[in-house]
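Colleague: Top line first, the protein sequences correspond to chains A and B.
Just so we're aligned, residue -13 is where the first sequence starts under the working numbering, counting upward by one.
Just so we're aligned, residue -13 is where the second sequence starts under the working numbering, counting upward by one.
Everything labelled a hint here was simulated from the structure, so no lab data went into it.
There could be a bad hint or two in this list.
Intra- or inter-copy, both count: the list cannot distinguish identical chains.
Unchecked claim - No more than 20 Å apart at the CA atoms, straight line, and that leaves these computed lysine to any residue pairs for SDA-like:
#1 K90 with E151
#2 K(-5) with R207
#3 K254 with R12
#4 K90 with I285
#5 K124 with R168
#6 K124 with K193
#7 K124 with A17
#8 K85 with A18
#9 K193 with D79
#10 K(-5) with R52
#11 K254 with P(-1)
#12 K90 with R257
Protein chains: 2
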Amino acid sequence: MTILADFIKRYAPIVERELDRLLRPRAEEPAALREAMRYSALAGGKRLRPVLVFAAAEACGCPPSRVARAAAALEMIHAYSLIHDDLPAMDDDDLRRGKPTNHKVFGEAMAILAGDGLLTFAFEVLAGNAASVGLDAKSACGLIRSVSAAAGTRGMVGGQAADIEAEGLLSKRSGRRELAARLRYIHLHKTGSLITASLEAGAILAKASPGRRAALRSYGRALGLAFQIADDVLDVAGDKKKLGKKGSDRDNDKLTYASLYGLEAARKEARRLVAGAHRHLRLFGARAAVLHGLADYVIERDH
Amino acid sequence: MTILADFIKRYAPIVERELDRLLRPRAEEPAALREAMRYSALAGGKRLRPVLVFAAAEACGCPPSRVARAAAALEMIHAYSLIHDDLPAMDDDDLRRGKPTNHKVFGEAMAILAGDGLLTFAFEVLAGNAASVGLDAKSACGLIRSVSAAAGTRGMVGGQAADIEAEGLLSKRSGRRELAARLRYIHLHKTGSLITASLEAGAILAKASPGRRAALRSYGRALGLAFQIADDVLDVAGDKKKLGKKGSDRDNDKLTYASLYGLEAARKEARRLVAGAHRHLRLFGARAAVLHGLADYVIERDH
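Chain A extracted, bound-state conformation (with noise of 0.2 Å):
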C-alpha cells in the first residue's frame, strides 16, 4: 500500500493543478458554465482514472509529463458521467463526495450543459496534447478513437443505457443466467471502459509496444470488473458515510453482484479476478508496483 499511497500522493495533486489550469475562468463563457464544470471536476474523489494514466506511462517508461493533459482529460470525461448520471431522469441523486451533487446547485439545464461541455472540452484537450507531444498522426487519432470508444455507446454510455433498462428486472422475475449476463455488460461498461482506456492513453502517449497495451488492456479489464463488483460489497456492508453515499443503490431495486450472487460469492470473485490482474503485469516487471498496487487495494478497501 505504501508505494500505491505515494504514487497517489504524487500524482492526485498534479491532476488537481492541469484541472485547475486547463478549467479556469475565461471571461468569453457564460460565469455560470465554467464554474459548474469546476464544481464537479475540482470535487475531489479518488482521481483513479488520472492515476491509472500515470501508472500505465510508469510501466512503459514514459515521463509523467507527456501523459498529464491525456490524464486530466480522462477525468473530466469521468466527472461528466457523473453528472449526467446523477440527474433526475437518471439515478436522481442528491448527494455526491458528501456534497450536493451539480443539479441541485447549478438547475438541471445547466448540469446537462456542464457535463455536455466537459465532454467536449476532454477531446479538445486530447487533440492538443498530442500536438503539443508530437504525437504521430495514426497515435494520435489512436488515442482519440481509444478513449471515444471507450465513452460511447459500446462502452461507457453503453452501460449507463443498460443499467437503466436493467432497473425493475429483479422484481419482473428475470432468469438468473440472463441477470448475470447483464449485470456483466453493465459493469464492464459503464465502469470498465473508462478504466481500461486511461491505462491505453497512458500505453499509446509512450509509444508502448502492441503486446504491452493488449497487456494493460487486460489487466484494465478485470481491475474495471474488480473495482465494480467490490463496490457493489462496499454498498451493502461497507460504512455508507466513509463513502459520503446515499445508502445504497435504491436499495435492491438496482440489479448488483452482491444482491445476485450474495456478498461472500462477490467477494470471492473480486479475489479471483483481482489475481487475474497481477498476471497481466509479468510483462513490466518492477514498473509496475504501482499498479500491482491498484489491483490489491480494490478487494482490501473493504476491510
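Starting from the known structure of chain A, fit chain B onto it as the hints suggest.
Modeller: Below, chain B alone, put in the same frame as chain A:
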C-alpha cells in the same frame, strides 16, 4: 438557387447514407440507445452543416469522398445538440421537425444518453476518418480541436448556456445595449460556431491555405449570424406550419432579434451580413458557387 438545390439534392442523400451506415445497429449495444440515436440523426432536416462541409471542400478543390465522414460527424453533433436542447429541463419542446422530440419517444434518460452517445461517436468518427484519409498529425489534431472548440463551452454549449441565462432578461428591463450584446453572443455561439466549424473542417481536410481557412471562417461567422436572425424573423413572420415548429420561441419570453430590433431592422441586418459573406468568398472564384447560393438562401427563404 438551382446550383444550390442541385448540390443539396446530390449531397444530402450521401450524408443520410453515411449516417445510416455509421449508426447501423450493433449487437453489442443496448438496442433502445441505438434506436434513439438513429431516430434523431436520421430525422431529416436541412442537413446544413454537412452540406457546408461538402461546399467548403469543393471551394478548396477537394473531392467529396474525402470529407463525407466528417460531414456526417458534424451532423451527429448537431443532432445531439437538438436532443439536449429539447429536454424538459432546457427548452421543453414536444415537437421537432413535426415529429415528437427524442425524450417524448424514448424517455428523458435515454434521450440524454443518446445525445451523449452521438457527441462522443462524432469524435470517434472524426479521428477514424483523419487516419483513413491519411491526414498528417498536426492537421488531424487540428480538425478535432477545431470541431471540439466550436461545439464546447467557447462555442455551441456556451451559447446554449447564455441562452438559458438570458431567459426572462426582457422582463427584467435590462438595458437595450446589454440585451443586444447578449443576443449577439448567443447567436454567434449557439448556431454560428458549428456552422463555422463545418466550413473549417472542409478546409482542413482539403489542406487549404491559412488564407482560405480564414476566409471560410469569416464567411461562416457572417452566414451563421444571418441564418439565426432570419430564423428569428421566420419565427415571427413565417408560416409556422411549413417549418414544422410549434409556435415561436416561447412567444417573446425569449430574447430574439425580432423582439429587440423589430422585424424590418432584423431583415436589414441579415441582408447586410449576407452581403459581407459574399465578399469573403472572392478568393475562391467560381468554385464557391454553392457557398454563394447558400448565403442567398438564408435571406431568400422568408419570402
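Colleague: Hint by hint, note whether the structure agrees.
Modeller: Checked hints:
no. : hint            : verdict
1   : K90 with E151   : between (25 Å within a copy, 17 Å between copies)
2   : K(-5) with R207 : neither (25 Å within a copy, 47 Å between copies)
3   : K254 with R12   : neither (49 Å within a copy, 33 Å between copies)
4   : K90 with I285   : neither (32 Å within a copy, 42 Å between copies)
5   : K124 with R168  : neither (35 Å within a copy, 42 Å between copies)
6   : K124 with K193  : both (11 Å within a copy, 17 Å between copies)
7   : K124 with A17   : neither (37 Å within a copy, 32 Å between copies)
8   : K85 with A18    : within (18 Å within a copy, 33 Å between copies)
9   : K193 with D79   : neither (40 Å within a copy, 48 Å between copies)
10  : K(-5) with R52  : within (19 Å within a copy, 47 Å between copies)
11  : K254 with P(-1) : neither (34 Å within a copy, 54 Å between copies)
12  : K90 with R257   : neither (37 Å within a copy, 44 Å between copies)
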